[in-house]
Amino acid sequence: GAVVSQHPSWVICKSGTSVKIECRSLDFQATTMFWYRQFPKQSLMLMATSNEGSKATYEQGVEKDKFLINHASLTLSTLTVTSAHPEDSSFYICSASPRGRLNTEAFFGQGTRLTVV
Amino acid sequence: KNQVEQSPQSLIILEGKNCTLQCNYTVSPFSNLRWYKQDTGRGPVSLTIMTFSENTKSNGRYTATLDADTKQSSLHITASQLSDSASYICVVSDNAGNNRKLIWGLGTSLAVNP
Chain A
67 GAVVSQHPSW VICKSGTSVK IECRSLDFQA TTMFWYRQFP KQSLMLMATS
117 NEGSKATYEQ GVEKDKFLIN HASLTLSTLT VTSAHPEDSS FYICSASPRG
167 RLNTEAFFGQ GTRLTVV
Chain B
102 KNQVEQSPQS LIILEGKNCT LQCNYTVSPF SNLRWYKQDT GRGPVSLTIM
152 TFSENTKSNG RYTATLDADT KQSSLHITAS QLSDSASYIC VVSDNAGNNR
202 KLIWGLGTSL AVNP
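Read top to bottom, the protein sequences are chains A and B.
Take the numbering used here: the final residue in the first sequence is number 183, and no numbers are missing along the way.
Take the numbering used here: the final residue in the second sequence is number 215, and no numbers are missing along the way.
Check each hint, because a few of them may be wrong.
Unchecked claim - Cross-link-like lysine to aspartate or glutamate pairs, in silico, EDC-like; alpha carbons within 20 angstroms at most:
no. : chain 1 : residue 1 : chain 2 : residue 2
1   : A       : K107      : A       : E88
2   : A       : K86       : A       : E153
3   : A       : K130      : A       : E88
4   : B       : K102      : A       : E125
5   : B       : K202      : A       : E125
6   : A       : K107      : B       : D185
7   : B       : K202      : A       : E118
8   : A       : K80       : A       : D154
9   : A       : K80       : A       : E125
10  : B       : K202      : A       : D93
11  : B       : K172      : B       : E106
12  : B       : K158      : B       : D170
13  : B       : K158      : A       : E171
14  : A       : K107      : B       : D140
15  : A       : K107      : B       : E106
FYI, nobody ran anything at the bench for these hints, they're computed from the structure.
Chain A extracted, bound-state conformation:
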């Protein structure tokens, strides 16, 4: 199956600093990638849709200036949490679907555990 790689798998940062998370589709091209956030014992919550070569689409309530998304190539999307605060501590997961198959199986990265201290 298709592989989506996310890096880093965990990160600890100080309050006020920025953290970048990478999401790569290793063996397919993805014009669209999705970023999710998951709190303990809760389901995944879509934050934004990352579109290659254009601006990301953010879900209601998600601050676009705080969660910067860049999708510069067909295999890489990045999520930058700017000026991180302890309440941003969460599990962040990306997903991607092969180009032209947007409504079929989505492949997920292994997730990034962010802890802001």
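Keeping the supplied structure of chain A fixed, place chain B upon it in accordance with the hints.
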């Protein structure tokens, strides 16, 4: 309102036993229904994906069923193993044409004990 409800919320079984997880949904229009397995601290891994016309689909020891009339699905796990301990999430896609419109259940937390 589009919703996906799963039951039970949690389940404990002994290794080697079978179990069935339930999913009811009210998503409309309907495109497909997926079951994912999520280990603690990991991203979800797809088990099955079924469209409207499919009643059952198997993936090894996992068998999913779908009744589009009653809007119910089940995931049956046979001969459970310790590695089956995880959260099992039912996800329904509406007919919006892309994976943005995924309606997520809260999952069933399964613990398989020796």
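Right, here's what the structure says about each hint:
1. For the hint linking K107/A to E88/A, the alpha-carbon distance of about 24 angstroms lies beyond 20 angstroms, and the restraint is violated.
2. Only pairs whose Cα atoms come within 20 angstroms are accepted, and K86/A paired with E153/A is accepted, the gap being roughly 17 angstroms.
3. Of the supplied pair hints, the one linking K130/A and E88/A holds, its CA atoms being roughly 17 angstroms apart against a limit of 20 angstroms.
4. A distance of roughly 17 angstroms separates the Cα atoms of K102/B and E125/A; the hinted pair therefore holds under the 20 angstroms criterion.
5. Distance restraint check for K202/B and E125/A: the Cα-Cα separation of roughly 11 angstroms lies within the 20 angstroms cut-off, and the hinted pair is therefore satisfied.
6. Between the alpha carbons of K107/A and D185/B the distance comes to roughly 18 angstroms, so the proposed pair stays at or under 20 angstroms and holds.
7. Restraint check for K202/B and E118/A: the C-alpha separation of about 18 angstroms stays at or below 20 angstroms, so the hint holds.
8. Straight-line distance between C-alpha atoms of K80/A and D154/A comes to about 11 angstroms, which keeps the hinted pair within the 20 angstroms bound.
9. At most 20 angstroms may separate the alpha-carbon atoms for a hinted pair to count; K80/A and E125/A exceed this at roughly 26 angstroms.
10. As the CA atoms of K202/B and D93/A are separated by approximately 24 angstroms, the hinted pair breaks the 20 angstroms bound.
11. Of the pairs offered as hints, the one joining K172/B and E106/B holds, with about 11 angstroms between alpha carbons and a cut-off of 20 angstroms not exceeded.
12. Only pairs whose Cα atoms come within 20 angstroms are accepted, and K158/B paired with D170/B is accepted, the gap being roughly 17 angstroms.
13. Simply put, K158/B and E171/A have alpha-carbon atoms about 14 angstroms apart, close enough for the 20 angstroms limit, and the pair holds.
14. Taking the CA atoms of K107/A and D140/B, the gap is about 12 angstroms. The hint holds against a cut of 20 angstroms.
15. For the given pair, K107/A sits about 15 angstroms from E106/B by alpha-carbon distance, which is consistent with the 20 angstroms threshold.
Going down the numbered hints, you'll see the structure goes against 1, 9, 10, while the others check out.
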